[in-house]
Amino acid sequence: MHRIDTPTAQKDKFGHGKNGFTRGNPQTGTPATQIDYSYCDAIQEEIANVIESKGVTLDKSKHDQLKLAIQQYVIDGKVQLSSATNSTAEDQAATPLAVKNTYDLASLIIDTFRPLDFESVIFSPDKMFHAVVRNDGVVGLYNSKTDKLVWAVSPDGGLINGYINADKIKGLQYNSALNSDASDQIATPLAVKNTNSRITDVHNIVLNINDKFNTNNIESRVYSHDKRFYLIVRDDGTVGMYNAVTNSLMWGFDANGLLGVGKIGTANIFDLEQFFNDRMPVGVPLPWPTITPPPNFLICNGWLFDKSKYPRLAAAYPSGVLPEMRASTIRGLDAGRGIDVDRTILSEQGDAMRNLTGTFGFESNIGGKSGAPNVSGVFYAVPDPSRTHLAAGTGGDNTTVVLDASRQVPVAHEFRVRSTAFLYIVRAA
Numbered sequence: 001m002h003r004i005d006t007p008t009a010q011k012d013k014f015g016h017g018k019n020g021f022t023r024g025n026p027q028t029g030t031p032a033t034q035i036d037y038s039y040c041d042a043i044q045e046e047i048a049n050v051i052e053s054k055g056v057t058l059d060k061s062k063h064d065q066l067k068l069a070i071q072q073y074v075i076d077g078k079v080q081l082s083s084a085t086n087s088t089a090e091d092q093a094a095t096p097l098a099v100k101n102t103y104d105l106a107s108l109i110i111d112t113f114r115p116l117d118f119e120s121v122i123f124s125p126d127k128m129f130h131a132v133v134r135n136d137g138v139v140g141l142y143n144s145k146t147d148k149l150v151w152a153v154s155p156d157g158g159l160i161n162g163y164i165n166a167d168k169i170k171g172l173q174y175n176s177a178l179n180s181d182a183s184d185q186i187a188t189p190l191a192v193k194n195t196n197s198r199i200t201d202v203h204n205i206v207l208n209i210n211d212k213f214n215t216n217n218i219e220s221r222v223y224s225h226d227k228r229f230y231l232i233v234r235d236d237g238t239v240g241m242y243n244a245v246t247n248s249l250m251w252g253f254d255a256n257g258l259l260g261v262g263k264i265g266t267a268n269i270f271d272l273e274q275f276f277n278d279r280m281p282v283g284v285p286l287p288w289p290t291i292t293p294p295p296n297f298l299i300c301n302g303w304l305f306d307k308s309k310y311p312r313l314a315a316a317y318p319s320g321v322l323p324e325m326r327a328s329t330i331r332g333l334d335a336g337r338g339i340d341v342d343r344t345i346l347s348e349q350g351d352a353m354r355n356l357t358g359t360f361g362f363e364s365n366i367g368g369k370s371g372a373p374n375v376s377g378v379f380y381a382v383p384d385p386s387r388t389h390l391a392a393g394t395g396g397d398n399t400t401v402v403l404d405a406s407r408q409v410p411v412a413h414e415f416r417v418r419s420t421a422f423l424y425i426v427r428a429a
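If you read the sequence shown in this note's numbering, its first letter stands for residue 1, the second for the next number, and so on.
Worth flagging that the hints you see were computed from the coordinates, not collected in a lab.
Fair warning: there could be bad hints in the mix.
Said to hold, decoys possible - Straight line, CA to CA, 25 Å or less: simulated PhoX-like cross-link-like pairs of lysine-lysine:
no.: 1; residue 1: K127; residue 2: K100
no.: 2; residue 1: K127; residue 2: K148
no.: 3; residue 1: K309; residue 2: K11
no.: 4; residue 1: K307; residue 2: K18
no.: 5; residue 1: K212; residue 2: K227
no.: 6; residue 1: K227; residue 2: K263
no.: 7; residue 1: K13; residue 2: K309
no.: 8; residue 1: K54; residue 2: K67
no.: 9; residue 1: K145; residue 2: K127
no.: 10; residue 1: K18; residue 2: K309
no.: 11; residue 1: K307; residue 2: K11
no.: 12; residue 1: K227; residue 2: K100
no.: 13; residue 1: K307; residue 2: K13
no.: 14; residue 1: K212; residue 2: K100
Stated by the list, open to error - Here are the computed distance ranges between Cβ atoms for each label pair:
no.: 15; residue 1: G332; residue 2: R354; range: 17 to 25 Å
no.: 16; residue 1: L58; residue 2: K263; range: 39 to 47 Å
no.: 17; residue 1: M1; residue 2: G29; range: 30 to 38 Å
no.: 18; residue 1: P285; residue 2: V222; range: 44 to 52 Å
no.: 19; residue 1: Q274; residue 2: N217; range: 41 to 49 Å
no.: 20; residue 1: S61; residue 2: I35; range: 19 to 27 Å
no.: 21; residue 1: N301; residue 2: R221; range: 48 to 56 Å
no.: 22; residue 1: Y73; residue 2: L249; range: 33 to 41 Å
no.: 23; residue 1: W251; residue 2: I43; range: 33 to 41 Å
no.: 24; residue 1: K309; residue 2: P285; range: 15 to 23 Å
no.: 25; residue 1: E45; residue 2: D12; range: 23 to 31 Å
no.: 26; residue 1: W251; residue 2: R3; range: 28 to 36 Å
All C-beta atoms in this analysis are idealised placements derived from N, C-alpha and C, irrespective of residue type, glycine included.
Could you build all of it, start to finish, from the sequences and the hints given here?
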């Protein structure tokens, strides 16, 4: 493989000795980069070698062979998948099935066991009954439907609520086993104590899970150990990281993998420069809404700039002088249309208006003849034999006519259009 090295390549585009491509610039006579056979051969063999190294025969009708070869490299790698939920291996990756089984187990425990401030609760599968272990050592059974205590046993094993049928007690035999299914024996206090201990163990497990995992109507959460951060997974597919201290979303991806909140350092964005070039070429004047331009931008004020520091800007403005855009707007170059002729690119043009013409007739009473016209501005007098005049001595005054456009329309020291003032800037690169 090698970088493009044809005569039309852009030299050192990505650093010393690292050429690149250019689309060319007709205005400066810069040609677009041409590709030769050796460069195409290099690209072809780089890709073909990856595909054929996995025993895949190149097929002209298929367009996914490179992807399949890369996937096979991943499959043949060291990382293996495992669906086990109790594995301690460090060279395996958990599958979605392993995560699901773990989640289902945790959900079952949370759904079956409930720790409260004064007691721990274990529900029957249909939620009809639930057993309780209280902080004072009392163990009992509640009817969830009637919300009544069916029976209860004190810490010393005494029955303090409920009853036992006499015909069910045969010899009043005692049993300390936890797994006995005998129906003619009575559990000893030791059995009750051991049962309490087992329930306490389950209670601690549930507390630990509930302490790190949480859910509500719209999202599930996984908390950091110190509770300062938690990861969210929402019903709409959003995944993100919250700062619990500031109660703000630090970053978040939507269901399509788009980063909606947060930011990525420009050093980690591939082809960022090309992205800007495709959307905002260097040299394009941009209207900016403040008096101070953002970083890496210059004001279009007619000043000189360092062409060695900003070579791409110099390609757009070879003279090294930015256009003077203050208090000016942009007009398209005539380019042979015949409306604004004799203009060159980047030439500046002052304001002007079309010529105004008009006529005004009037009478005079000087000796029965017309007198000198009393007019100014766009008005002027022309002889008109058809008009009659007042005889001498019959009265009448000459009239001065004044043209004042400000009596009807807004006026200024120049012709202009309605506009909003922005600061024109260009990207410096």
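For each hint, the structure was consulted:
At roughly 24 Å between alpha-carbon atoms, K127 and K100 fall within 25 Å of each other, so this suggested pair holds. Annotation: proposed proximity of K127 to K148 holds, straight-line Cα distance about 14 Å (limit 25 Å). A C-alpha spacing of about 16 Å is found between K309 and K11, which places the hinted pair at or below 25 Å, so the restraint holds. Straight-line distance between C-alpha atoms of K307 and K18 comes to about 21 Å, which keeps the hinted pair within the 25 Å bound.
The suggested pairing of K212 with K227 holds, with an alpha-carbon distance near 8 Å, which does not exceed 25 Å. About 23 Å separates the Cα atoms of K227 and K263, which keeps this hinted pair within 25 Å; it holds. Between the alpha carbons of K13 and K309 the distance comes to roughly 14 Å, so the proposed pair stays at or under 25 Å and holds. Distance restraint check for K54 and K67: the Cα-Cα separation of roughly 11 Å lies within the 25 Å cut-off, and the hinted pair is therefore satisfied.
Among the hinted pairs, K145 with K127 is consistent with the structure: their alpha-carbon atoms are about 9 Å apart, no more than 25 Å. Between K18 and K309, the direct Cα distance comes to roughly 19 Å. Compliance with the 25 Å bound is thereby established for this hinted pair. As the CA atoms of K307 and K11 are separated by approximately 17 Å, the hinted pair is consistent with the 25 Å bound. Among the hinted pairs, K227 with K100 is consistent with the structure: their alpha-carbon atoms are about 24 Å apart, no more than 25 Å.
Only pairs whose Cα atoms come within 25 Å are accepted, and K307 paired with K13 is accepted, the gap being roughly 16 Å. With a C-alpha separation of about 17 Å, the suggested pair K212 and K100 falls inside the 25 Å cut-off, and the hint holds. Against the hinted window of 17 to 25 Å, the Cβ-Cβ separation of G332 and R354 comes to about 20 Å, which satisfies the hint. Checked against the hint of 39 to 47 Å, the pair L58 and K263 passes, with Cβ atoms roughly 42 Å apart.
For M1 and G29, the Cβ-Cβ distance of about 31 Å falls inside the hinted range of 30 to 38 Å, so the restraint holds. For P285 paired with V222, a C-beta distance near 50 Å keeps the hint of 44 to 52 Å intact. The hinted window of 41 to 49 Å between Q274 and N217 holds, with their beta carbons roughly 44 Å apart. Checked against the hint of 19 to 27 Å, the C-beta distance between S61 and I35 comes to roughly 25 Å, which is consistent with it.
A beta carbon spacing of about 53 Å between N301 and R221 agrees with the range 48 to 56 Å that was offered as a hint. A C-beta distance of roughly 36 Å is found between Y73 and L249, which places it inside the suggested range of 33 to 41 Å. A hinted range of 33 to 41 Å holds for the C-beta pair W251 and I43, which are about 36 Å apart. Against the hinted window of 15 to 23 Å, the Cβ-Cβ separation of K309 and P285 comes to about 20 Å, which satisfies the hint.
Remark: the range hint 23 to 31 Å for E45 to D12 is upheld by a beta-carbon distance near 26 Å. Here the CB-CB span from W251 to R3 is close to 35 Å, well matched to the stated 28 to 36 Å.
Every hint from the earlier list agrees with this structure, and none is contradicted.
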